[in-house]
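Trainee: Make one complex out of these two single chains by using the hints.
Residue numbers (the UniProt record's numbering), protein chains in the order written: chain A, 1 to 213; chain B, 1 to 284.
Please keep in mind that the hints were generated in silico from the structure rather than gathered at the bench. No residue lacks a Cβ here, since even glycine has one placed at the ideal position from N, Cα and C. Be careful, since some hints might not be right.
[What the hints assert, rightly or not] Examples of chain A residues lying across from chain B (beta carbon under 7 angstroms, computed):
id, residue
1, S25
2, R34
3, L84
[What the hints assert, rightly or not] Far from chain B, by Cβ distances over 12 angstroms, these chain A residues were calculated:
id, residue
4, A69
5, T142
6, G175
7, V194
[Claimed, not checked] Which chain B residues stay away from chain A? Per the calculated CB distances, all over 12 angstroms, these:
id, residue
8, Q130
9, E163
10, N185
11, G246
12, Q272
13, D276
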Amino acid sequence: MSSEIQDRFAAALIDRALPPPQGTSAWSGPRPERRSAVYRNDVASGLTGALATRFPAARRIVGGDFFTAMALAYAERHPPRSPLLLFYGDDFADFVATFEPARDLAYLPDVIRLEAARGHAYHAADAVPLEPGPIKPWTGETALVVRPRLLVDVLRLEPAEAAFLQALAGGATLGAAAEDASALRGFDLAAALVRLLQSGAFTAIRKDNTNGH
Amino acid sequence: MKASRLPRRAGVGFKPEHFAKIDARPQPLGFFEVHAENYMGAGGPPHARLARLREDYALSIHGVGLSIGAMQPLDGEHLTRLKTLCDRYEPESFSEHLAWSSHGEVFLNDLLPLPYTETTLARVAEHIDQVQETLKRQMLLENPATYLLFDESTIEETAFLAEVSRRTGCGLLLDVNNVFVAATNHRLDPAAYIDRFPLDRVRELHLGGHCDTVDDAGFPLLIDSHDTPVTDPVWALYETVLARTGPVATLVEWDNDIPAWPVLRAEAGAAQTLLDAALARRAA
Numbered sequence: 001m002s003s004e005i006q007d008r009f010a011a012a013l014i015d016r017a018l019p020p021p022q023g024t025s026a027w028s029g030p031r032p033e034r035r036s037a038v039y040r041n042d043v044a045s046g047l048t049g050a051l052a053t054r055f056p057a058a059r060r061i062v063g064g065d066f067f068t069a070m071a072l073a074y075a076e077r078h079p080p081r082s083p084l085l086l087f088y089g090d091d092f093a094d095f096v097a098t099f100e101p102a103r104d105l106a107y108l109p110d111v112i113r114l115e116a117a118r119g120h121a122y123h124a125a126d127a128v129p130l131e132p133g134p135i136k137p138w139t140g141e142t143a144l145v146v147r148p149r150l151l152v153d154v155l156r157l158e159p160a161e162a163a164f165l166q167a168l169a170g171g172a173t174l175g176a177a178a179e180d181a182s183a184l185r186g187f188d189l190a191a192a193l194v195r196l197l198q199s200g201a202f203t204a205i206r207k208d209n210t211n212g213h
Numbered sequence: 001m002k003a004s005r006l007p008r009r010a011g012v013g014f015k016p017e018h019f020a021k022i023d024a025r026p027q028p029l030g031f032f033e034v035h036a037e038n039y040m041g042a043g044g045p046p047h048a049r050l051a052r053l054r055e056d057y058a059l060s061i062h063g064v065g066l067s068i069g070a071m072q073p074l075d076g077e078h079l080t081r082l083k084t085l086c087d088r089y090e091p092e093s094f095s096e097h098l099a100w101s102s103h104g105e106v107f108l109n110d111l112l113p114l115p116y117t118e119t120t121l122a123r124v125a126e127h128i129d130q131v132q133e134t135l136k137r138q139m140l141l142e143n144p145a146t147y148l149l150f151d152e153s154t155i156e157e158t159a160f161l162a163e164v165s166r167r168t169g170c171g172l173l174l175d176v177n178n179v180f181v182a183a184t185n186h187r188l189d190p191a192a193y194i195d196r197f198p199l200d201r202v203r204e205l206h207l208g209g210h211c212d213t214v215d216d217a218g219f220p221l222l223i224d225s226h227d228t229p230v231t232d233p234v235w236a237l238y239e240t241v242l243a244r245t246g247p248v249a250t251l252v253e254w255d256n257d258i259p260a261w262p263v264l265r266a267e268a269g270a271a272q273t274l275l276d277a278a279l280a281r282r283a284a
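So here's chain B without its partners, still in its complex pose (with noise of 0.2 angstroms):
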């Protein structure tokens, strides 16, 4: 089993719009990360693109389909496109996420979450165990931005990361906002879920950005948008991440009311300056 192997250093997420100013020049980029979901047509302008960056650079492929938190079956056909699309590119990584997207035969498109009880975590598991075996290679599992709790959950979000990644053997991929956006939303303090985290198996960071709304009874709901700049509690909570983890492959997400080139690379280019202070501190 291949095992994850992003460089310790800061990427994005690549955007098509960005082709020409990306490939105009070298990039002080550790590597770029796509959803595979876009690169599942059998040819043309994406894989063109995609074949291009990857002879300068790693790639880190990044499922948002596969739904290996349902309690029903993984979707076969999926995990063969899947399968094919890694021994396509041979990324440095691939990572999924911890919720359900397909329901029945109807695929609802977004990140649901998923309660948190044995009998979940088996089923997780299970999946997992089905994908690393599939692709042969170790994958990622990321934790979720969520905005509901479920009454039936008796495991700690923390708690049930750790014991897949004990189980499979997968890595984990910490996204730092959805820690913040998580945190604010249940009222727990994000740096006490850092804490209680496994951080000796994160292979992968992510920063991105959210908006604020207010919930019924009028409390901050931050919803995990992906289409503004890392707002500065994310930016100290990732600091945080690092004094205790070092440099970590981390990438900056921007999905949504996507920025110029420059913007985007600079949002890198902060989140790069970070992880070199990180090394300094490991090497002094």
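Bound-form chain A, shown alone (with noise of 0.2 angstroms):
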């Protein structure tokens, strides 16, 4: 029955200890183990290749042996669960982040997450986004993914922006969020408004109509 031996070679492209999957065969020999492992090796290097194509910078940060490994690692525990492989790796910087051989690097994680939403923001529906006014200095440590047209880029935010911006995504409006915002250190509601438009962060703003305004 068909569904069975698919079952066995699934099993033996995951398990790699275990030998070609049993009814497969070849004219040229009892035990096709290097023609069994064609296929494993496909699976492998393909969804290695994929995280690779995703996350080029940890890539280079770690060199391209010890990513392929640390990869091949995240995809026997978490293989993909959807033919999208654009999207395949949302949490491998949780995994990383547990990954015994990439302990001294505490910044790798942080890396990757910031990969997977530069990966997002790429392949984000297309919107135009409102047009900016002058722009001003800003330093910060949180970081701000935005595609405005067709390039992703990445901008540092202060907490207070962040902390703006954060509460307008969440739908608050916009007096609520500066007000909050307010309250943190250093925030400047015209210069926060200024930068996120230049950005290309903001594509509408609606009315509140809650109050029957």
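Mentor: Take a look at the structure:
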């Protein structure tokens, strides 16, 4: 029965210690280990390759061999659940945070999180950003990933700006978000609005109708 | 149901790294082919490039993740994504593989082989009916490159494909490199495979590179790697096919170790020369 052979075949792809699936053969001999290994290697290189494409900065930091070994360890425990490999590895950062050989690279999971966000921005639906005004200087530690048209951009946000933006993204009104952010050190509403507009993070302004105004 | 209708010319698999070169001037190509799954994001640069190409060229959308050969049901969400993509670009052709790639909830990301039996035949035909009904278009089914055989198989691959096509009305995509790879791996004559193939159902041909290794007993084991130029025996087999079919839309696939644009374009140019010769023979 064919579903059983597909069960055995899939098991042998995932568990590399298993022999070629029972019921398969080759003309040249009874134990087609190398033939079976072609499929196994295709699966492994396909999944590690998908992760390498999605996380190029992390790969450059640790080197190709280390990255492939780390990606394979991840793929064995967390194989994709969808044919959409564009978004495979959204929880790769959490795995890397617990991956013993990468323990010394405390920043690596955050690099991977940033690249994951970058990937989502790259493939996000197209929207036309609002026109920006003049820009002012800024510093900070929180990152904002935007894609105003076709180019992905990563900006650092000040803590108060990040809180302001997060409140807006959560559906707060401009007034409420500004009031909360003003309680944080160094918040300048005008400057924050200009900078966020400039980044292309906003696509529309909605009137608040909740009070019947 | 929309019939598959690619121009009977040479095309190439589109790679984003070639976009600037392609867009700089008109290319002497009949069509571009893309892997469906690379265009399933909502927007951004991939769609901007594809929409630009679509203005000037015919398009073939080639799926690599639908798992038509699995005994389990098709992934409805994935089929919906394919429909969205086909509705967005209205490609001249949609094709997929005689293979499976998902098992349970896990996507294995490879084109895995299936036994050829009455049971699998019925299942594959059922899946293709579902695809064609959903997409409202004829699909093409591609012959696989295989490395192993199944003891339980009772039907030859060529007969299996012919019967699937007869039952569902789907067209066939004959991958000439896959024929050469699989025939070598199973010590069969590739020309005899072509003799048995239902060539009247073929709407597209694929050409690509493979690499040479050996199996456990030291015999040739070819791997469908798409990382080299098309080899001489595959060009010869392609001419054998064209002599029988006349000109058919032909794709050059090069997915790994991707060469500079002129190299890939020259491969397509070589295929176009053979297509022109086939057309001249037809006219004579």
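Trainee: Now, for every hint given, state plainly whether the structure supports it.
Mentor: How the hints compare with the structure:
Look at A/S25: its Cβ gets to within about 5 angstroms of chain B, closer than 7 angstroms, so that hint holds up. For A/R34, the interface hint holds, since its Cβ comes within 7 angstroms of a Cβ in chain B; the closest pair sits about 5 angstroms apart. Interface restraint check for A/L84: the shortest CB-CB distance to chain B comes to about 5 angstroms, inside 7 angstroms, so the restraint holds. Chain B leaves A/A69 outside its interface by the beta-carbon criterion, the shortest separation being 18 angstroms against a cut-off of 12 angstroms.
Remark: the non-interface label on A/T142 is consistent with the geometry, its nearest Cβ contact in chain B lying 23 angstroms away (cut-off 12 angstroms). Separation of A/G175 from chain B is adequate, the least Cβ-Cβ distance of about 31 angstroms exceeding the 12 angstroms criterion. With a cut of 12 angstroms on Cβ distances, A/V194 stays outside the contact zone with chain B, its closest approach being about 26 angstroms. The beta carbon of B/Q130 is kept farther than 12 angstroms from every beta carbon of chain A, the shortest such distance being approximately 16 angstroms.
A cut-off of 12 angstroms between C-beta atoms confirms that B/E163 is not in contact with chain A; the least separation is 16 angstroms. With a minimum CB-CB distance of about 8 angstroms to chain A, B/N185 fails to clear the 12 angstroms threshold, and the non-interface call is violated. Listed as a non-interface residue, B/G246 keeps its Cβ farther than 12 angstroms from every Cβ of chain A; the least gap is roughly 34 angstroms. The claim that B/Q272 is not at the interface with chain A holds, since no C-beta of that chain comes within 12 angstroms of its own (minimum 31 angstroms).
The non-interface label for B/D276 is consistent with chain A: the shortest C-beta to C-beta separation is roughly 35 angstroms, beyond 12 angstroms.
The earlier numbered hint that this structure contradicts is number 10, and it is the only one.
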